[in-house]
Each structure stands twice: as C-alpha cells, then as structure tokens.
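Engineer: Residues per chain are reported as follows:
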Amino acid sequence: MSDPILRLEGVYTNIAQYHILQGVDLEVPRGAVTMLLGRNGVGKTTTLRTIIGHWRAHQGRILLDGEDISRMPTPAIARAGVGFVPEEMGIFADLTVEENMILAAVSGPIDPARLDWVFSIFPPLKTFWKSEAGNLSGGQKQMLSIARAMVEERRLYLIDEPTKGLAPAIISTMARALKELKEQGASILLVEQNFSVARALGDGANVMDDGRMIWSGQMAELSTDAALQERLMGLSMEAH
Amino acid sequence: MSVAPEHAPKMAQASFAHRLGPWMPVLLIPVLIVLGFLAIPSSTSWLTLTVSGLAMGMMIFIMASGLTLVFGLMDVINFGHGAFVSVGAFVGVSVLLVLGQMTSAPSLALNLAALMVAVFGAMAATGLMGWAFEKVIVEPVYGHHLKQILVTMGGLIVVEQLIIVLWGPEEIYIARPEALKGAVTFAGAALEKYRLVAVAIGLVVFLAMRWVLRRTKIGLIVRAGVENGEMVQALGYRLRLVFVGVFIAGSALAGLGGVMWGLYQEVITAHMGNQAMILIFIVVIIGGLGSVEGCFIGALLVGLMQNYVAFLEPKVALISNIGLMVAILMWRPMGMIPVVKAK
Chain A
1 MSDPILRLEG VYTNIAQYHI LQGVDLEVPR GAVTMLLGRN GVGKTTTLRT IIGHWRAHQG
61 RILLDGEDIS RMPTPAIARA GVGFVPEEMG IFADLTVEEN MILAAVSGPI DPARLDWVFS
121 IFPPLKTFWK SEAGNLSGGQ KQMLSIARAM VEERRLYLID EPTKGLAPAI ISTMARALKE
181 LKEQGASILL VEQNFSVARA LGDGANVMDD GRMIWSGQMA ELSTDAALQE RLMGLSMEAH
Chain B
1 MSVAPEHAPK MAQASFAHRL GPWMPVLLIP VLIVLGFLAI PSSTSWLTLT VSGLAMGMMI
61 FIMASGLTLV FGLMDVINFG HGAFVSVGAF VGVSVLLVLG QMTSAPSLAL NLAALMVAVF
121 GAMAATGLMG WAFEKVIVEP VYGHHLKQIL VTMGGLIVVE QLIIVLWGPE EIYIARPEAL
181 KGAVTFAGAA LEKYRLVAVA IGLVVFLAMR WVLRRTKIGL IVRAGVENGE MVQALGYRLR
241 LVFVGVFIAG SALAGLGGVM WGLYQEVITA HMGNQAMILI FIVVIIGGLG SVEGCFIGAL
301 LVGLMQNYVA FLEPKVALIS NIGLMVAILM WRPMGMIPVV KAK
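Residue numbers (UniProt numbering), protein chains in the order written: chain A, 1 to 240; chain B, 1 to 343.
Just so you know, these hints were derived from the structure itself, not from any lab.
Even for Gly, the Cβ is constructed at its ideal location relative to N, Cα and C.
Hints are supplied without guarantee of correctness; some may be wrong.
Unchecked claim - Partial list, computed: chain A residues near chain B (C-beta under 8 Å):
| no. | residue |
| --- | --- |
| 1 | 84 |
| 2 | 93 |
| 3 | 102 |
Next up, chain A with everything else stripped away, as it sits in the complex:
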C-alpha cells in the first residue's frame, strides 16, 4: 500500500477557551474517498478547517505527502493542491457563476475541456453562467461550491457536508459528482451526515467523538455492522 496523501498525527486545536480537537490521528489514502463521520459537534468541521489552515493546530503534525503543512498559511496550503469545500459553501454571492469559477482557477485560465466536464455534471452552472451566484437556489449554490474545487485538478479534496439540507434530486447530482471525482483517482476527505451517500461513496471510514478519532476502518465493514454503527454514532441503518 502506498503512503497516504494526508496524515494527521496527534492534532490538537483550541478555539478560544475550547479544546475542540484533542489528539486527532487520521490517514487519507491516495486515490480513495475517506469518510469522516460522527455526531454533530464532535470536531469533524474543525478537523477540515485545521487541515486547510483556517484554524491553527496547537500541537501535532499535518503531513501532506510527507510535508508538514501545520504551520503554513492557508493560501500556501491551497496552492499545494488542497481544494476545500466548506459546509457553508463559501460562494461569492455578488460575483457571477463565471467569476466564481475564474477565481477558483488559481493557476491560470480555465481549461475548456475540464469546464465541459464540470458542466456535464452540473448543467445548471452552464445555464446560469452569467448570473450572480447569490441568485442561485441552495442546490445550485452547492453545485457551484463543488464545481469550484473541481475546476482544477487538486491533490486532495476536503469536502464538508455537501448534501446538507438538499432535495433528493440534488443529493443524487452531488453523489454523482463525487463519484466522477473518485473515478478520476482523486483523494477525498469527506464529511457526510447522509449515511446512504457515505455508504455509496466511501472506501475508508473514520468516526470521531469528543474531538478524538474513535474508530478507523473500511466503510464496507461499518455499513454492514448495525451494532457497530449504533455503538459509534448512535445510528440505526433502518433509519436511513
């Protein structure tokens, strides 16, 4: 097995007086979708934000292809090939869809072939190319958020709850987009509350609780073991 593309070693993150991450260990294998699961408020989003550098790790190491990025500023981490899709989507509402995509293409003009590929996954973005992003529907905004990360090839994608609050039709589109990324060999660390999506996409799975990783293994194992789900996350597959 090749070296993981991302490895977190004993990462602690404090926000004000709160100790959110308390020694997180995590490995994201190359070319796989790694799920980050757990109840609300256990530190999943903080883990992603610490990796991208929005919050500083007070202790521990974050290794991207063996290089410690835990002290690097956010723009440098992004330019090292880490694409980030935040939970709140982070689209620029006053900019058009086109302008959002131009900004996301950091290394130069948008590759037309890649843009066609993005349009094939998210046709509404082509329809509303010249529209202000703020006028899009919630689902379309989420499409734009993921499309921005996809417009250039990244070494690693950090995606936070891409299906949250979306209608089933849009969830299906999101799942297809992530599946296409996966088929291209992308490495993805995905926070997802929708267990059906997690089960369909995930290769590996990591479950967090109270700022720590409490279980790591294969998604297939977790998705077939109802007792394990119940114990780790209070989940019942019948509910999904």
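The hints should help you fit chain B onto chain A, whose structure is shown.
Structural biologist: Coordinates of chain B only, in the frame set by chain A:
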C-alpha cells in the same frame, strides 16, 4: 440509493419592483436634481449649483473610495484616512508652488502638465505613507475595532503635527492654475472651469476603478475578499498582500482627492483631512461599507444636497447631510448598495 428525478434548473421570474430595486439608489441622483430644480427659483443658479454639487461629490468620492474598500476587505476602521488627504494637499500644493511659472502661464497644456506633476507627486507620497501607515499602525490591530479607532486617530494627530512642523501652522492660500480660473457660460449659467475638470477627473477615476474591479482578476479577488476573505484564502490567494495593495491605492487616491480638494477650497490646512472625514464617513456609510458603486452614488448625493441646501437655507446646510444619512439608513440600514458579507 433510489433514483431521483432529474434536476431541472430554473430561476424565478423577478417582479418589476424586484428588478427596479438595484437601480433605486442610482435613481436618487436624478430625483434629487429634479427636486433641486423645483425648489430653486432660478434655472441658471440651479445649473451652477448642480455642477458644483457634482464636482464636490466627485472629490469626496475620490477621497472616500479607498476607505470603503479597506473597511470592506479587512474590516479595518481607519480614522487616520484624513491624514492622506492633508498630506496629499500639502505635497501637491508644494509642487505647484515650485512649478509656479507653469501654473501662471496662460496655457492650458502647461497648467495641466503642472497639475499632473503635482498629482503624481502627491499620490506617490501618500501611497508610500499608506504603506508605512498600514505596516506600523494598522497591522498590529487587525480584528480589534476599538484599538483600530484609537490608534488610527492617534496616527492622524501625529501626521497633522508633522505637517505643522514641516509647513508651519498657518493656512496656505493657493491660486488655481491660470487656465483653470474663471468660468465658462452655458445656458446663461456660470460654470467654474475647475469644477468641470473635477467632474471629469472624478468620472475617470470611477470608471477606472470599476474597470479594474469588474474586468481584472485582481479586481475579482478584491470583490470576493470584501465578501468572504477566508474563502479567498482557501482558494490560494494571499489576501494580506491584496489588502496592502488596496491600502496603498486607497491612500494614493486620498492624496489625489486632497490636491483637488485643496484647489477647490483654495486654502489648505493641516486639519483639512480631519474635517473632510465627516463627509467621507457619511458617504462610506450610506453607500454601503465596501461598495465602490455605493460610495460613488453616496458622494454625488452628499455633494448635491450640500450645495442645494446651502443655497436655499444656509443654516440647515450643516445638518443636511446628517439628515440624508438618517433617511437613507432608515430606508436601507446596511447602506444603499450593501455588500453581502459571509457569515
């Protein structure tokens, strides 16, 4: 997963009122001009006051445009912005005094050349000063509004005292370049040449800023940064460098505004920037913090209001712009063209 129906994109058809909404602030300018026409008995006086108001508004816009971007981009409240106005005026006027032979010659070309040299010198000096101001005074207080107010106000006082040390405490009276003195007559109204030049320069600055912000990648980064700086950084852009660039450009524009304001008033003092800050803040607030277009419209409204009211009821002129601000904030509490900030 079950098969979901295909997503059919559509966008709701906006009503007329909804489509008109974004243009409402722009429409305020012709509305105010028409109200002025109805209120002022003489049409020639109205025309003179309108040009004067537009010229004043353009100069306020030039001084304020940098401040609104600085606030929008990095959430920095810079009470020291007026220092760049004063320094710009003093440097520009000093250059004009050195080039006295060019400014006193009855040649428009020579006069404009001298003016351009003065403007360039003022912008270079205030741009450089802006870089130092950001590094020494603003950078240590990012994220702390109260400290920003105190320390930038302190910076303004220090700069004012340095101006007094260098140029003396007295007011300096200046004469405009020869070809820009006097007025041209149009439709029976006397229109000061300098005010017409100020309107032209203001328009050029606004259109150039708009072009940069709308048509270049750096402009996109600035606009996106005003909305959600954290996400701009997550895309790979060093917002800090962009901010320093905007601070320098904003300071240089304030310097340009200072030269124009000084020539408009025909007198400069160390405190002129501080005094202009009241109008500058009104314009930035009613325009919508971070909005260049809002700042432009707000500046024109303030300039027109000030001139019309000063003519009709001089005693009310002082508070007319405060009244304008109150009215606009009651209508749109976030300013006329608010920038949608990421939560």
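Engineer: It remains to establish, for every hint, whether it holds in the given structure.
Structural biologist: Checked hints:
Because the closest C-beta pair between residue 84(A) and chain B is about 5 Å apart, less than 8 Å, the hint holds. Checking residue 93(A) against chain B: minimum C-beta separation of about 5 Å stays under 8 Å; hint holds. The interface hint given for residue 102(A) is met, as the beta carbon of that residue sits about 6 Å from the closest beta carbon of chain B, less than 8 Å.
Violated hints for the displayed structure: none, as all numbered hints are satisfied.
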